[in-house]
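Asks: Keeping the supplied structure of chain A fixed, place chain B upon it in accordance with the hints.
Heads up: the sequence lines are chains A and B, in that order.
FYI, the numbering for the first sequence is 1 to 540, going by UniProt numbering.
FYI, the numbering for the second sequence is 1 to 540, going by UniProt numbering.
Treat the hints as calculated values from the structure; they're not laboratory data.
Idealized CB from N, CA, C, for every residue including glycine.
The following label-pair restraints were derived from C-beta to C-beta distances:
no.: 1; chain 1: B; residue 1: Ala86; chain 2: A; residue 2: Ala366; range: 45 to 53 angstroms
no.: 2; chain 1: A; residue 1: Ala54; chain 2: B; residue 2: Asp282; range: 33 to 41 angstroms
no.: 3; chain 1: B; residue 1: Ala86; chain 2: A; residue 2: Ala407; range: 55 to 63 angstroms
Residues per chain are reported as follows:
2 protein chains.
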Amino acid sequence: MDDALRALSARGFWTPFPEIPSGKIYGETARDDGQVAFDSALGTAFEIPGHPHAQRVGAEVSPWGFALDITYPAADAPALIAASQAAAPAWAEAGPEAWVGVCLEILTRLNAMSFLMGHAVMHTTGQAFPMAFQAGGPHAQDRGLEAVAMAWAEMTRVPESALWEKPQGTAAPLVIEKHWQVVPRGVALVIGCNTFPTWNSYPGLFASLATGNTVIVKPHPSAILPLALTVRLAREVLAEAGYPADAVLLAADAPGAEITQDLVQVPAVRMIDYTGSNAFGDWVRSHAAPGTQAYTEEAGVNSIVIAGTDDFAGMCANIAFSLSLYSGQMCTAPQDIFVPRGGIDTDMGHKSFDEVAKGIAGAVDALLADPARASGVCGTLANPATLDRVAQARSLGRVIRDSQPLAEGRSASPLILAVEAGETDAYEAECFGPISFVVAVDDAEAGVARAADLAQRKGAITAALYDTDEDRIPRVAAAFARAGVNLSVNLTGNIYVNQSAAFSDFHVTGANPAGNASLTDAAFVANRFRVAMWRRPRAA
Amino acid sequence: MDDALRALSARGFWTPFPEIPSGKIYGETARDDGQVAFDSALGTAFEIPGHPHAQRVGAEVSPWGFALDITYPAADAPALIAASQAAAPAWAEAGPEAWVGVCLEILTRLNAMSFLMGHAVMHTTGQAFPMAFQAGGPHAQDRGLEAVAMAWAEMTRVPESALWEKPQGTAAPLVIEKHWQVVPRGVALVIGCNTFPTWNSYPGLFASLATGNTVIVKPHPSAILPLALTVRLAREVLAEAGYPADAVLLAADAPGAEITQDLVQVPAVRMIDYTGSNAFGDWVRSHAAPGTQAYTEEAGVNSIVIAGTDDFAGMCANIAFSLSLYSGQMCTAPQDIFVPRGGIDTDMGHKSFDEVAKGIAGAVDALLADPARASGVCGTLANPATLDRVAQARSLGRVIRDSQPLAEGRSASPLILAVEAGETDAYEAECFGPISFVVAVDDAEAGVARAADLAQRKGAITAALYDTDEDRIPRVAAAFARAGVNLSVNLTGNIYVNQSAAFSDFHVTGANPAGNASLTDAAFVANRFRVAMWRRPRAA
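Extracted from the complex, chain A is given alone in its bound form:
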């Protein structure tokens, strides 16, 4: 915890959870154990001992091509709320050290379970295994730990007690002893998404749990298993520590019979962490009970502006990887690439607009030339609708690189279209999936202005700039900062605009429509608890 707190301040590289899926780190049998555990869960009833349970639900289908055939215990919203509230007093009573201790133990055991989690995430999100392991396992655990550390930092800013001595001139001072106590706010609801069921849910889950609240985890009906594993493990740790397991509950539901809306509107729910579409985000904000705090990550349109580069090949390769990774289904993936109509200067001479577009397309071709590697980078498409969207998008511009199915699963390689800046209907709407637009603009400044304006109106989580003009870079950074977008400049090599590292990168600024919360700043945790005091004159 001390290391985590130092990392939060220094914001350099730090993680206690190794991202490499290696038996040397996780134990020689970890890889096989994880595979066996996953295989043996298929086609069974997933048991969560003691969990409220009126029926069983579950209809997950792996985008890699088979049904999981797992069912989960399910209960309606009133039953879940009642169980959560019943667990609340004992959990609230436990106090910050217990809350944080339980959270750290949960995270430690989640880390040991990373191989199983990798398979669970792979076959609910469609990610390839290495990414599912990293993003669904250690990186998600990092984000959870980050939230716990920030919560601890904020809770411990207030001392447990203090003496207040007010001078009274020549008389004896007034001396009052004061005692402070952290008071949780109530029931917290975490609404997970299909594509990153753990990474996007752990910050809210652990921020609320570490501040003494009880938590109901509502997974996306297509990605229940990763959060069911998480909830079951959390309940085991709670129970072993002597606290009510129902402090963490699973709100599993069936596609078409979601109970999310029922849960959102309950006045006892004081915090909602939501990852998903802007449309449902709006609904959550307007239908949550008055005073309920909603922390959202919603959709946006991320941009790259290319002004120039001294490493054309490196730039194209870097962008190609960002467009291909998990088939553009990351909230951080770029969609619009603004390129001056007259081309750019590079280390390989002047490149026309088309040469730039084709350079990126060619780099995608090279990246995906080997079918196995292509599937390993692109994974599959979580949602069948994404495949339809790719098909329909072809007509939105001039096709620079067409999309093709990959060797494995429901899949589509990146579709790259060229459009003119005026064709805003094409490129300003979010096109979730492996669809990107190379947009012809008058010059780099026009590209920055359009990208920043788009971010302010539609939201954006990331932006990237390729530029050799050292005077312009800070101005562009300031423009994107005003639009509330984190900017990556001149990325080449093994670091990508999509990546957001816990303890260093704040994920989402909260300052544009792509979300109102930032992972993990003080604002993300400080409103999840209250401080109550009692005071009295000091006994003589």
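Replies: Just chain B, lined up with the frame of chain A:
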């Protein structure tokens, strides 16, 4: 600032702004200068150089008995929003050190103006001068400084830059340089109240200004002068430092033609600090634009529970002062006093329910026996409606002590009524002003249960307990903590339940209907800004 930050952590007694209205501290001529400045403002047009100005408004009448006859520049909501937004870029650009520096200079100059502010507060709120000086001057400045210090602490938690070095096995590490920038959220609206125009407005005003936002200050139409003085001074400091004066604006309006609702609904307004009724608080929350953060202090019903005492006279005198001070018009003043029906044990033997009630009433009589002192403690009634409320309240219970006009101004001494616990219609509604109920309950536990339940349902900012049972005190503290109420135990002598000291006492917990914000915790400031980053590979 270092001292302020240390005080925020230690939470002992600390203030840089002396509360004693003494020429030795504030300068030999300060007292006279303040009086002269106030007198010469009466009957004039209050000028705010360069302020948007379409008409003049102002109809303040001192509750001490004369019209102020001052008019203020006024503009409609669109003009104020436009001016605030026009000032925003230059102010946002200034950065945390400038924001905080300007705020500290404003507070320092406000402190030097404390005598004038004392008169301005006295004749808009009806407080007696010593209290108006303290609460409207140094104590309000303390609360402003506290907000600035907390904002500084939160903004500086994120470094301006860092190197992120990720090991790459035997290869050279990935090295990324990262730069962070604090980004303000937009226009902040501060809605002031009639009774504490500066104390309740400064936290929000300074929290928003210190985090780079522009601020529109909307005073209550009956208490404009204190905030007009504040805004004019803030604008002077801003202009001297080279920033747009319109970063702080006054939204003066006329009674019956308030522009509050127009301002609340503007999407550009991202933060609202509101002090006032629950009914209008509900309206603000439901009509503010989506995503606007509202920080509220609303009304509640504060309770005292008397279980027993070893200083009966001290207890009665202490409660008498709390009931009398500013005629119960403090948001921290007690209204309901729960006393066991069978009486209590004291250092003066057993006291029956009626003896306790009459002991308190007698202490009020003693406190207010001297007419000049009575006016000095009780002040006057800010709102004529409060006088009507006192008249109507007489029928709500058995009169233990009747209310009478005091020697000066629109005034009423404390009305004390006795009621049974079942008469909830009488004592559970907020009766703002010098009205209190001594409520007969079965025993102390029943009193605590009723008071805590009432706090959870109707809100409460303070609670007090008199008890000699050391085992029970922590249980009562826990019960009030769960209800989100700060508790004072066994106060006698020169410290009162009404008092809330900056840098030590959090004012309002935010955990019950009396308000959703706490002065000043991290949650009060952390959501007023965002952090944006730009990063790039470190140059070789």
